[in-house]
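These protein sequence lines are chains A and B, in that order.
If you count the first sequence from 1, you need to add 649 to reach this note's numbering.
If you count the second sequence from 1, you need to add 649 to reach this note's numbering.
Hints listed in this document are in silico derivations from the structure and should not be mistaken for laboratory results.
Do not take every clue at face value.
[Stated by the list, open to error] Within a straight-line C-alpha distance of at most 35 angstroms, the following computed DSBU-like cross-link-like pairs (lysine-lysine) qualify:
#: 1; chain 1: A; residue 1: Lys708; chain 2: B; residue 2: Lys818
#: 2; chain 1: A; residue 1: Lys708; chain 2: B; residue 2: Lys735
#: 3; chain 1: B; residue 1: Lys693; chain 2: A; residue 2: Lys682
#: 4; chain 1: A; residue 1: Lys708; chain 2: B; residue 2: Lys825
#: 5; chain 1: B; residue 1: Lys708; chain 2: A; residue 2: Lys825
#: 6; chain 1: A; residue 1: Lys693; chain 2: B; residue 2: Lys664
#: 7; chain 1: B; residue 1: Lys664; chain 2: A; residue 2: Lys735
#: 8; chain 1: B; residue 1: Lys818; chain 2: A; residue 2: Lys675
#: 9; chain 1: A; residue 1: Lys794; chain 2: B; residue 2: Lys693
#: 10; chain 1: A; residue 1: Lys794; chain 2: B; residue 2: Lys675
#: 11; chain 1: B; residue 1: Lys682; chain 2: A; residue 2: Lys693
#: 12; chain 1: B; residue 1: Lys708; chain 2: A; residue 2: Lys818
#: 13; chain 1: B; residue 1: Lys664; chain 2: B; residue 2: Lys682
#: 14; chain 1: A; residue 1: Lys825; chain 2: A; residue 2: Lys735
#: 15; chain 1: B; residue 1: Lys794; chain 2: A; residue 2: Lys708
#: 16; chain 1: B; residue 1: Lys693; chain 2: B; residue 2: Lys675
#: 17; chain 1: B; residue 1: Lys708; chain 2: A; residue 2: Lys794
#: 18; chain 1: B; residue 1: Lys794; chain 2: A; residue 2: Lys675
#: 19; chain 1: B; residue 1: Lys825; chain 2: A; residue 2: Lys675
From a predicted model like this one, the values you see are computed outputs, not experimental measurements.
Protein chains: 2
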Amino acid sequence: MQSKEIFHLQSYPSKLLEQAVNELAKLPGIGRKTALRMALHLLKRNIPEVESLGNAVIKMRNNIIYCSECRNISDQELCAICASPKRDHSIICVVEDIRDVMAIENTGQFSGVYHVLGGIISPMEGIGPMDLHIETLLTRVATGKVIEIILALPTTIEGDTTNFYLFRKLSAYNIKLTTIARGISIGDELEHTDEVTLGRSILNRTAYESGLAIK
Amino acid sequence: MQSKEIFHLQSYPSKLLEQAVNELAKLPGIGRKTALRMALHLLKRNIPEVESLGNAVIKMRNNIIYCSECRNISDQELCAICASPKRDHSIICVVEDIRDVMAIENTGQFSGVYHVLGGIISPMEGIGPMDLHIETLLTRVATGKVIEIILALPTTIEGDTTNFYLFRKLSAYNIKLTTIARGISIGDELEHTDEVTLGRSILNRTAYESGLAIK
């Protein structure tokens, strides 16, 4: 058998391909094999289509605006929700990121406004309170127009830490501070629910009729 | 409960974000949820990093060259394999795409050259022989310098159709036509192997010593 010297080819036959694969592999959840599949797929598409992808991400990153009120992603100074006179501006729902805003909007159950923290406190990832939009939330509360703050953060240690931090900061103000209900998901079996959730769902039981409505 | 009119927000709070998600969701295997996750991830990255991603895919699509000999992706007129005097240019291995070239190169078992078809015949996807690099393969064979053609296409109906088409086109030439061995994968159990593969592995049995070598 011939020696290894014959097979001196690098892994990728083209530097251009390699660079594209390297960049695509930096996307979350994308490994090098998937990145290569994406790159080969792009090579089969028309040039205008690929330019449209490349330019869309660059344009988004360069021109995106965050709502000056709630820090949600927006195309204008004020996002559509903050600009709407039909929304109740005295109730602010605090969420981690824009995906939570979209999820809550999809329920059609909330008519207040939001405040997007842009993350949660996570010492492991080096994210402290200063990296989040907490000061702007306190500024909004300080106007005196806010009646209720709903904390809608994830049920993780990081979420709880952030909840506690916000609780301490906000308790100085005369506002109602609530958190979204934790309990059994609709359609879940009791026997498959973890003890903490089940325990809390009993402690925080609600009157029968109001089971599915917002408090 | 308030009517739906209040919640007139489109799914995405920003056109720029929506466009980026639309484009990312066109990548193979990427749904809208994953595309949104990618877009939000990109928003957290520095502008130069995002520009580097966007430009890498555009640059690759605009400037990629296909080897004039084997149609593999390349940075030069001739790819590194076709340009190498150490490779055996009389044996051509026919493959579907560049990933197969990379896979075979990784084995270190093949010292010949390749021919990349750029796909396989698939009436379902509207890919006919004219869409593939078959004419250029015949031109290479017509030079009379080729001794053997190894067909290394997938074991699917499309692969078999393409094999048969190439077999008919190539049988006019005085060359050896082979196909890569089909059989039990190294490490596989006989009882878990499908009947067709197991049957073929018995019909195409090889002398004991040569079990792992190229014919």
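Hints, verified against the model:
no.: 1; hint: A:Lys708 - B:Lys818; in the structure: 49 angstroms, violated
no.: 2; hint: A:Lys708 - B:Lys735; in the structure: 47 angstroms, violated
no.: 3; hint: B:Lys693 - A:Lys682; in the structure: 24 angstroms, holds
no.: 4; hint: A:Lys708 - B:Lys825; in the structure: 54 angstroms, violated
no.: 5; hint: B:Lys708 - A:Lys825; in the structure: 54 angstroms, violated
no.: 6; hint: A:Lys693 - B:Lys664; in the structure: 27 angstroms, holds
no.: 7; hint: B:Lys664 - A:Lys735; in the structure: 22 angstroms, holds
no.: 8; hint: B:Lys818 - A:Lys675; in the structure: 44 angstroms, violated
no.: 9; hint: A:Lys794 - B:Lys693; in the structure: 31 angstroms, holds
no.: 10; hint: A:Lys794 - B:Lys675; in the structure: 44 angstroms, violated
no.: 11; hint: B:Lys682 - A:Lys693; in the structure: 24 angstroms, holds
no.: 12; hint: B:Lys708 - A:Lys818; in the structure: 49 angstroms, violated
no.: 13; hint: B:Lys664 - B:Lys682; in the structure: 16 angstroms, holds
no.: 14; hint: A:Lys825 - A:Lys735; in the structure: 21 angstroms, holds
no.: 15; hint: B:Lys794 - A:Lys708; in the structure: 52 angstroms, violated
no.: 16; hint: B:Lys693 - B:Lys675; in the structure: 22 angstroms, holds
no.: 17; hint: B:Lys708 - A:Lys794; in the structure: 52 angstroms, violated
no.: 18; hint: B:Lys794 - A:Lys675; in the structure: 44 angstroms, violated
no.: 19; hint: B:Lys825 - A:Lys675; in the structure: 45 angstroms, violated
The structure is inconsistent with the numbered hints 1, 2, 4, 5, 8, 10, 12, 15, 17, 18, 19, although it conforms to all the rest.
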